[in-house]
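Got chain A; can you put chain B on it based on the hints?
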Amino acid sequence: MTATAEGSPTFGMTRARRNALLQSEPVQGLALISPTFLYALVLLVLPILVVVAHSFWTQNYLTIDRTFTLENYRVALTEPIYRDLLWRSLYISLMVSFFTVVLAYPIAYFISFHGGRHKSLWLFLITIPFWTSYLLRVMSWKVILGYNGVLNSGLLGLGIINEPSTALLYNSSAVIITLTHAWAAFAILPIFVSLEKIDRTLVEAAKDLGDGPIRSFLRVTLPLSAPGIISAALIVMIPTVGDYVTPKLVGGKDGVMIANAIQAQFGKASNWPLGAALSVTTMLIVTLMAGATVLVIRAAQRLAR
Amino acid sequence: MTAMRRFLASGWLSTYAFLYVVFLYLPVIFLPIFSVNSAATPKFPLSGFTLKWYEDLPRTPALLDAAWNSLVVGLSASILSTVLGILAARSITRYRYPGRRAINSLIMAPLVLPEIIVAISMLLVILQLGLSLSLFTIVLGHVLICIPYSMTVLTAGFEGFDRSLEEASADLGESAFGTFRRVTLPMVAPAIISSLLVCFTISLDEFIIAFFLTGTEATLPIYIWGQLRFASKLPGVLALGTLLLAASFLLMTIAEILRRRAARRTQNDGGLLA
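As given, the protein sequences belong to chains A and B, one line each in that order.
For the first sequence, this note's numbering assigns the number 1 to the initial residue and increments by one for each residue that follows.
For the second sequence, this note's numbering assigns the number 1 to the initial residue and increments by one for each residue that follows.
Next comes chain A alone, as it looks inside the complex (with noise of 0.2 Å):
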């Protein structure tokens, strides 16, 4: 203790009290914290109450009037093309969440179970082409489905078609086939980690007490990996919904996505409040169709058992 500790002990106590609460593990690790924690609060947050905000006001030309309105979500409810754009990019983000899981699994099954030695030099193999530019993976499905693209010319060369086919590129099965590719790496690795999380004497005792392979995948591997299988479908299905490069790239008219409508509402229709509104909306529908599914794996999972 210092001297003036010494001096006055009341004062000593509770300054000795206030180094305890200070030294204190939740006070030590909150002010660790915190930085990152304000920083997330004030750049992540802060900025979605602003857009949560602004949905309910008008833009008046160059200001926004802040009389609190329902208009805006009327109209990115109700107005068709803000409505077919919404349901298109449900559609498509359902779509690609189905298909990257379901070729997912059997590799993350194949690694998990008869990757040996290897297992991370397998997850590395995976993961590399995802740390490649989003941009270039996109660039390079149009340069494989475009109508002069590998594909075409390749069939043509190969006699197996006369002309090329214009039904490759700009539409939403080119979408969901690059959100597809796009996407692997994050289904494989949640499911991967579910399988390994198996305890192997289940699958084990399953087999001793007479299942076959497939009975007893089906009723013990399957189920047991359902949480790994829940955040690979929501880890693509969230962001995909909200995709921009690959409907503008490769979409054409019919592959347009809610993204590209709300990228114009900050650009050139210069309609912040909408734009806030369908950003809003979107994320209100993603969180419901998050929730639906993980509702629906888990009735699927009880089943199963």
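If you're looking for bench data, these hints aren't it; they were derived computationally from the structure.
Heads up, none of these hints are tricks.
Ranges between beta-carbon positions, derived for each pair:
#1 Ile257(B) / Gly159(A): 43 to 49 Å
#2 Leu77(A) / Pro58(B): 47 to 53 Å
#3 Arg298(A) / Pro58(B): 54 to 60 Å
#4 Asn148(A) / Leu64(B): 29 to 35 Å
Ideal placement from N, C-alpha and C gives every residue a C-beta, glycine not left out.
Showing chain B alone in chain A's frame:
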């Protein structure tokens, strides 16, 4: 019999795994192939080998500016997000306190938010505050989306860490900061470098946030986006894309090697994102 069946099952699976990896890599491989093809449109059959698309690259001032901007943004974003990531990962792995999980999920939230939402909401706030858009605003956005990745790499690095080493250092009279600098930091150094590389790679490749939050200056993805409108510029873009591809690949390989070294050092084998 079972061994035979198991082999068949795994043989079937390994064929699938092989095809899947081909599917993953195929589109990526077309970039380098067509970047050395002499024809201006990417189609088969290939017309001849050339390096002219690469030779044109350094002669494009706009491209050099974009590359410089990307470097500045990438370095700033990776350093900032790694520092914030170290603080948060250390706090999450070392201390127990109420609200820990909630704060953690908030920090990780950008990982599961559509990027366009992150981009437009930041844009609104920046414009409302009357700040001008610049490379700095891109850095702010990139730090936000890099932190979750940095956290993942660093938490894995901090988690397997043996706390008795720190306690020993404290018992021997080292201060809290001294212990952190002389014991903790060297142990987790590979994880920190790995986090820097991962964040730099993300920032280098990130388009949407940069697209919305940039002023007049372009980063490489924004430059590429601008070039994509012109069909005649495609080979140049492919060449540039190939170089970026090589850079990302190199950085990620180094990051992975370092991450593994860190994992070995702390006897903890959690994969990236895993």
